[in-house]
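Use these hints to put chain B onto chain A, whose structure you have.
Keeping their order, the protein sequence lines are chains A and B.
Sequential numbering of the first sequence, starting at 13, is according to my numbering.
Sequential numbering of the second sequence, starting at 16, is according to my numbering.
Some hints here could point you the wrong way.
[What the hints assert, rightly or not] Mimicking BS3-like on lysine-lysine, the simulated pairs with C-alpha atoms at most 30 Å apart in a straight line are:
no. : chain 1 : residue 1 : chain 2 : residue 2
1   : A       : Lys353    : A       : Lys219
2   : B       : Lys125    : A       : Lys353
3   : B       : Lys268    : A       : Lys195
4   : B       : Lys381    : A       : Lys219
5   : A       : Lys195    : B       : Lys309
6   : B       : Lys309    : B       : Lys349
7   : A       : Lys189    : B       : Lys268
8   : A       : Lys215    : B       : Lys341
9   : A       : Lys273    : B       : Lys276
[To be verified] Output of the computed footprint for chain B on chain A, the stretches with three or more beta carbons under 8 Å from beta carbons of chain B:
no. : region
10  : 52–63
11  : 78–85
12  : 158–169
[Claimed, not checked] Computed spacing ranges between beta-carbons, pair by pair:
no. : chain 1 : residue 1 : chain 2 : residue 2 : range
13  : A       : His364    : B       : Arg163    : 33 to 43 Å
14  : B       : Lys243    : A       : Ala216    : 18 to 28 Å
15  : B       : Lys386    : A       : Gly351    : 32 to 42 Å
16  : B       : Asp41     : A       : Gly395    : 37 to 47 Å
17  : A       : Pro193    : B       : Arg436    : 36 to 46 Å
18  : B       : Pro279    : A       : Thr45     : 38 to 48 Å
19  : A       : Met313    : B       : Arg129    : 48 to 58 Å
Just so you know, these hints were derived from the structure itself, not from any lab.
Heads up, the beta-carbon is just placed ideally off N, CA and C, and yes, glycines get one too.
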Amino acid sequence: MELSDKLAILADAAKYDASCSSSGGKGRNSLGTGGIGSTEGMGICHAYAPDGRCISLLKILLTNFCVYDCAYCVNRRSSNVRRARFTPEEVVELTLEFYRRNYIEGLFLSSGIIRSPDYTMKQLVRVARTLRTEHRFGGYIHLKTIPDAAPELIDAAGRWADRLSINVEMPTEGGLKSLAPEKDLRDIRRSMGRLRLSIDEAKAEAKAPRFAPAGQSTQMIVGADSANDRDVLVTSSNLYNNYQLRRVYYSAFSPIPDASKILPLKPPPLVREHRLYQADWLIRFYGFVADEIAPAGDDGMLPLDIDPKLAWALRHREQFPVDVNRASRDMLLRVPGLGVKTVDKLIAMRTHKRIRYDDLVRLRVPVKKVAPFVQTVDHRPRGDHESVVLRRDLREPAQPDLFG
Amino acid sequence: MYRVTLDDPSDLDTWRTTARALLLADVDPRDVAWQEDGLFGGDVLPPPGDKRLAPVPRAFLDLAAIVLTHSDEQRHAVLYRMLWRLTHGEKGLLALATDDDVAWAYACAKQVNRDAHKMKAFVRFREVTTEDGSVYVAWFEPAHDIVRRVAPFFVRRFTGMRWSLLTPSRTAHWDGTTLTFGPGARREDAPSDDALEDLWRTYYASIFNPARLKVDAMRREMPVKYWKNLPEARLIPELVRDALPRMQAMVEKQATVPRKKITPLQKAADEAPEGSLAELRRQAADCRACDLWKPATQTVFGEGPVDARVVVIGEQPGDQEDLAGKPFVGPAGKLFDQALAEVEVPRDRLYVTNTVKHFKFEPRGKVRLHKRANAEEQAACRRWLAAEIDRIRPKALVCLGAMAAQAVFGASFRLMEERGRWIELPDGRRAMATVHPSYLLRLPDPAEQERAYADFVRDLSLMRDLLV
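With the rest of the complex left out, here is chain B:
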């Protein structure tokens, strides 16, 4: 039996050096007695053998670093046994969550992590004014030796302050540039009050809702053992006692008549005259002629000058258009803008709109898959398009895609056969159809895509003459 002594029992490097020597000397875990204080000294270890150590997973060292700060005295022995097993044919040991050693180590790590988390949460600094400014001092009683693990968190958070964390076993100090550790302190070493604590208690009492008393839930997350160092905790008994009467009083009290009148907000009156394009847009925002409005964000109405000479009609808004409330702003819109730039047609001279004014989609995981509006939905939306054209009185219409073309020329229109030329409509207007830019984006073959884009640009160039 070897007695091994660790001068810093919660430090990873200390334990690791010793464990490594034991392992090299091939010492069986059953033959080691680990002790924390060096009173009796340790035994001299046997000389290392000539074997190479099998690599140990990083996850084990991370786990060991946490477990070593636990207060349980068995930890060195269990960790060495785990190390032994990891290097003696049980490489996958850490995956065996129900193994006694593994379960024990993970349970310890969980307790340490919880203790550290609660320390970050429940430390309460008190201000001490000194000649060269304020120092913030806190007294805290952790269950495990976690001060060195947690102090860097406080450095990152309170870099611009000077502070000290005092605990019974260890202290940490930050002077604004350097973190130092010292021996344990006593509660009396920390200040006993802070001027802000009354305000903090006021906040604590006011944010509590007496109508939803859940004392057990509070105790589970803020165990009673921490209460003695929390300035707000002294209010708890009173808040709990008065909660029910306060709630009953609220329920029983009759509604009152307002004593003082606050003037309601006057919404700016809509200055748009009846029947104008602006009025139309407002009405369309509330359209419920089909069910597409329900899951959508908003009606995506047309955009552009009221006296535009050309109205461009797309199919229906997509994901981005739905969020932004503007037509042709998504990927297809970008391509459309690019093509317009090539034919030197400024977009702001056009009135751009869609055949159907709501985005239709199907939720699939995190994305919204575009769906084509059916005949009924298209028909329900037809009146908005008709009204837009009626108000704008353009010289010509440009339809992008079959849905728009069929809305203008009728259901028998064959897009690919009749695209790219002006056709006179019964009302004397000219109209032309071409593909929708999203069709170009869907073409899989780059060469084909390039050809189709050139055709698209050529079609669009037909409207240039109308705008000069």
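Next up, chain A with everything else stripped away, as it sits in the complex:
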């Protein structure tokens, strides 16, 4: 098979992994080694595909042969997709050639499980090791980690890779059991626990061998099983807390070629995935907890027509209006339409002047959204603004293309 055919098949097979991040970790460059490659903390997206997703890494599978039969996966053993397999040398060469031309930040290598978890993991490690040692490659490497692979293989993977990831796949154990019968949630969590210990150890001790300096991440497929948004957020909060994950990626289940019969007929709206990312952001950077964003009791779904912070604010009108000139940073972060940067600008300004409504306009905050929830020297929201009316006024039009 031609290299380009393999590339077409094995990139196609890899695209359902949402992660393409090349950020995090210590800076590194090639000035000392005379090789090629650098990472400087912030990742770079080298292209964007018409699906709006960034292309930062060469994201491929080593092979899409797989002994597992996960219903949501295009590569499951019962699927009739074309199969291909790269040699480790081909992946190394492709990575270097793409990198030299500045197409990519590095490599995200995953694989179907062939023969055994250990055998598969060994192949992935070999690619990373060859890039680092034989080619002095300093670009970003993300390796998919196979739960159940031997600890020494995981150690080797962490030594060469910037990031490791294990996908939890489904928000609930029930979902995983029904759609990925050969995977086991306990195995996955055990492996994440082990990764966290190794990452912590490498960080804490200067002499410890390098281990995945850009941490670990995971992915959950949303909309393939019956889990609601509350389930999703409770699970991701637990994962962030237990394993100090850098990111949880949410991937709205999308139709795949040659789909399994047990999958839902219709994909979830893409905006659901977008709302989950917003909620995830609120939990990680805005001091919210999952219970506030998706409270128990109702159907556990985030509204699609308004963002989760606005939804929270509409449920807690008693905490508003917030006085922009006095409120704490924590409270300002809870105002719909105010982001971290704006809040920090406001706080810096407050020590020099009293903030007026016009300042908000000049900071280009979405005033229509912000105004009902704040007061300034010269502005108080109208008292007769009912939540129902507000919500109707602040709805976002339901065009999925608007939500990047």
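Structure of chain B alone, referenced to chain A:
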């Protein structure tokens, strides 16, 4: 009115020298006309006064360095006005994000930074083979004068290559050891193709998911103005046009019957005989007798030889034990190991386990705060401990902490009164209780801690005779 000319209008030092002279001469910003080309020459500045310049924040110079590379001709004047204001009573100027000058400068800096970031992203090198190896050449059209700002990034990244960056206003060259800059180039100076671009386009087309078309999101991050120099961009119209039909075809297509069979992975059969300790451990891994399993990583079962003479029972696993799946590996475990070493009892002669087998915690920010298992959770876990003791048949039990002691001796057991001596159990076994090492770690007073540790070591030494 003074006319000032800058021979290198996007360079910080050039502007800074002039601005400094103006400031020393006390020239009001309204009286300066800045011009970029030196055709008319500049006016002679008035002699400097004898005043000292107020210090300027570092942040302003950093901002100025970026703004100066912007293409807007007003930039020198606005920056000088800002400098004037900073040194004339408005020290906190930069914090006023809504001030006209400040907002303008930050907006310019943002545009420059974005332009630089996009340059790092969208430069596409093409390989030129020469007699002494390959040179990689790229043509790029930045909106601002950023080549000198961005070139060091390419040096750090492509140290081991020879390369040239060509833009209409400036070029940069790296020969493997030295970075040099030259005058602008033309598009024709760069190669028009590269053998790898077909493969790159194959990748671009294959990584795109037609089921999630979001053209606006793509355009926002990869504006159309860059497309002409991106080899992959020519595929976009076709990919967009075919996306919907491709997705519909996927949705409508019936599930197929697998043509070729891949053999499923055979999990190694569990060789542990029914009822053995290994079998017990496997069963406990799936225990759901209480709710503690839900947020935890795993059951932390006991560890040690099947024929151990002594079983040591702790309370419940902590954060580290939960992650590692092994008892007594966290801070308390380390202290326990230290005490064992002092009494010369090798840990691998002991079977070490816990009363409750799951970590109980409450998430608080980034950490997991330890919580004590309640009576129901303790009761739910009792059968595992009983089964472990039953399989191992030890001569003696050592309880660390009240929870373990009460599990063995009953709820009325008073740890601090009855610790440190062997007590015979109804089944004929001996058991002894002492404090849990985490109790020692919690004692605030070092002297008290030392005393308590000595007592703990003395208690543990009681088991030495059983092991020889």
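Okay, the hints, checked on the actual structure:
| no. | hint | verdict |
| --- | --- | --- |
| 1 | A:Lys353 / A:Lys219 | violated, 37 Å |
| 2 | B:Lys125 / A:Lys353 | holds, 13 Å |
| 3 | B:Lys268 / A:Lys195 | holds, 27 Å |
| 4 | B:Lys381 / A:Lys219 | holds, 25 Å |
| 5 | A:Lys195 / B:Lys309 | holds, 17 Å |
| 6 | B:Lys309 / B:Lys349 | holds, 27 Å |
| 7 | A:Lys189 / B:Lys268 | holds, 26 Å |
| 8 | A:Lys215 / B:Lys341 | holds, 22 Å |
| 9 | A:Lys273 / B:Lys276 | holds, 18 Å |
| 10 | 52–63 | holds (count 9) |
| 11 | 78–85 | holds (count 4) |
| 12 | 158–169 | violated (count 0) |
| 13 | A:His364 / B:Arg163: 33 to 43 Å | holds, 34 Å |
| 14 | B:Lys243 / A:Ala216: 18 to 28 Å | violated, 50 Å |
| 15 | B:Lys386 / A:Gly351: 32 to 42 Å | holds, 35 Å |
| 16 | B:Asp41 / A:Gly395: 37 to 47 Å | violated, 54 Å |
| 17 | A:Pro193 / B:Arg436: 36 to 46 Å | violated, 54 Å |
| 18 | B:Pro279 / A:Thr45: 38 to 48 Å | holds, 44 Å |
| 19 | A:Met313 / B:Arg129: 48 to 58 Å | violated, 36 Å |
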